[in-house]
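J.: Residues per chain are reported as follows:
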Amino acid sequence: MNGIHVNSTAPFFSRHPGSEYSIEDFALYCEVISALEWRKMNGDIFMVADSTAAGYYRSLGIEKVWTSVTELIPTDIEGIDPGMFWAAGKLLALRDIPENAALVDEDLIIWKTLELSDTAVTCAHREYISENIYPDPRLFGVKEFALMDRLDMNALPCNTAFLYIPDSSFRLFYANQAIAFMKECSENKCDDRLCRMVFAEQRLLGMLCALTGTPVDTLMDMKRLFIAQDDYTHLWGAKQAMRDSEDQRNGFLERCRRRIRNDFPEYAFVIEAIDSGTKKARDI
Amino acid sequence: MKNCSWYLWLRGKKIYNIRQLRENFDTALLTGYFLGGSLMKWLSDIGENSIIKRLSAVDKSGDIGRQLEFAFGVSPEPPDPLHVPDIPETPEPEPAPELNVPAKSMGADEIPVFTGSFNAVGSFSGLAGSSFGAVFSGLSESSFLSAVTAGAASSFSSFNISSFASIVGNAFAAQFTTSFSSFSFGSYSAFVSGQALNIASSGFASSGSSFSLLFGKNWLNAGIYGSFSLSSFNLGSYTRLFGKYGNLLGSSGGSFYGSFGLELLRLLSLFGGSFGSFGSFGDISGFFGEGSFRHNSAGVTITAEEYHRTLINLSSCPLNAYGYGINLV
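In order, the protein sequence lines correspond to chains G and Y. For reference, each letter of the first sequence is one residue, going -9 to 274 in the working numbering. For reference, each letter of the second sequence is one residue, going 233 to 561 in the working numbering.
Okay, chain G solo, but in the shape it has when bound:
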């Protein structure tokens, strides 16, 4: 089973205009281990990126971690507002990849060989509909998104840290409707950095599956996410924790280095590449 990582730099530049692009060391280590572990357990994995991100990986010398690095995403993400829709690159990638593949977030590591349905959409897990995260989307005021009236507001959102859609045509259907929503929404920029994005990426997926009668499978049970298990690592909010705590960050970095040396000794070169590359970024 092939996988893809996706990196669009547009959100970075919307938050750091004029800066030089960089990725934090703990995030880089996580995506390297995510890619290497996927190649060990599941198959090829491709980095689908824009030209800036692709150039960054090459400048660090770590592009060989992935089966290949492909520049498929336009740097301007087709006019979608990168502040509101920081995951737009994922939808563009889903639309444009030439062959089906599983979409894996860079901060998700899958430690096992997956056996996925060839009919159902598989996501990481479902989510509950919470007012604060998933408010009524009709309140977004996106008047040109006429599909809204047909969507089942009770359909549970799908967490897309992992996403595999075996039917290419449904993948295109979902990607297109999500991109259409994001483009329409981008006409009326606002400060919302969450609700519209998770609607477009996660809730809309659940709704479109319900609309089309497409079954949904999950890797994890949403009720048991935080109970100890051995199969999945998702940094999620830990990224912020590591930004805030040098100890936590350093501890995690050291574990990553150890993991790479032990499990992927032929890729030990990435340790020096990441450490020196990200130090340079911090020193600037």
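Treat the hints with care, since some could be wrong.
As the list claims (entries may be wrong) - Derived pair list, reagent style DSSO-like, types lysine-lysine, alpha-carbon separation capped at 30 Å:
#, chain 1, residue 1, chain 2, residue 2
1, G, Lys179, Y, Lys234
2, Y, Lys292, Y, Lys246
3, G, Lys269, G, Lys133
4, G, Lys133, Y, Lys246
5, Y, Lys292, Y, Lys245
6, Y, Lys234, G, Lys133
7, Y, Lys285, Y, Lys245
8, G, Lys102, G, Lys133
9, G, Lys54, G, Lys102
10, Y, Lys273, Y, Lys234
11, Y, Lys234, Y, Lys245
12, G, Lys30, G, Lys102
13, Y, Lys273, G, Lys179
14, G, Lys54, G, Lys30
15, Y, Lys234, Y, Lys285
16, Y, Lys273, G, Lys133
17, G, Lys133, Y, Lys245
18, Y, Lys285, G, Lys133
Read the hints as simulated data drawn from the structure, not as lab findings. In this text the structure is predicted, and so the values were computed from the model without any measurement.
The hints should help you fit chain Y onto chain G, whose structure is shown.
T.: Using the frame of chain G, we list chain Y on its own:
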């Protein structure tokens, strides 16, 4: 007439050619495909170049749906460029949910963390459930703080009042607007509130929109029990309290919540890039039972072994409070 190798989904049908498209014309979905970019590709794959040419002239600031209908020959009349469709009334927004946490019976949804370190087994021996419940019946920050300092300071081995004081704010005080019924807990009980891994737009989420995790150990070491009460997420090896827009309050070094305590009110602005995946977890209440834990409303059962493993993972990798499986790295 050429068939495409992949289909458009319109009106419950898979559409492979132009005739099927016209017979099942769906303006809303086709608008999505048009704005999404794949409609042109589909038309190109089936060689419908004349329609592509018409669609290339679509004015995106106008009524796209009507222009599509005309371009496909479904509507005989060209769209009026001056016509502005009526904007449907948007419903009145519902009032924001109250930040109340309803009182529950044993296995309350939010059980604050008052733990010392892992070594402080028995440090809560002085706290009976009812007195603990009384601690949280106050609403204001000052009454909460005074209740804690008066009754609890001596019971906690590493309770840091100063960091607590710096952390508690209105949002926190508002969390305890109702009293908790009595419960007993041991050397660690984890209070979690707010949306799982952040993203509560109004700080503490109301019950039913987040989850909390409670682990307890009988202070008499008579057994292991716990409760899973998932109404808010707050689990960690140190206390962190994030105000709105990621404004950090409190200190990571402070042990306000002892070994476990984490409050994530909002991390919205702290995330970016293609990291996706935020969500919330529904309310699950639980009860105490020796050797096993049961989630009442959803029937989820966690074994003592899973409980142990989860605690061990959390203690060995506090980052698990913010994600999952991070200890596996």
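J.: Looking at the structure, which of the earlier hints fail to hold?
T.: As far as the earlier hints go, 1, 3, 6, 8 are violated by this structure, in ascending order.
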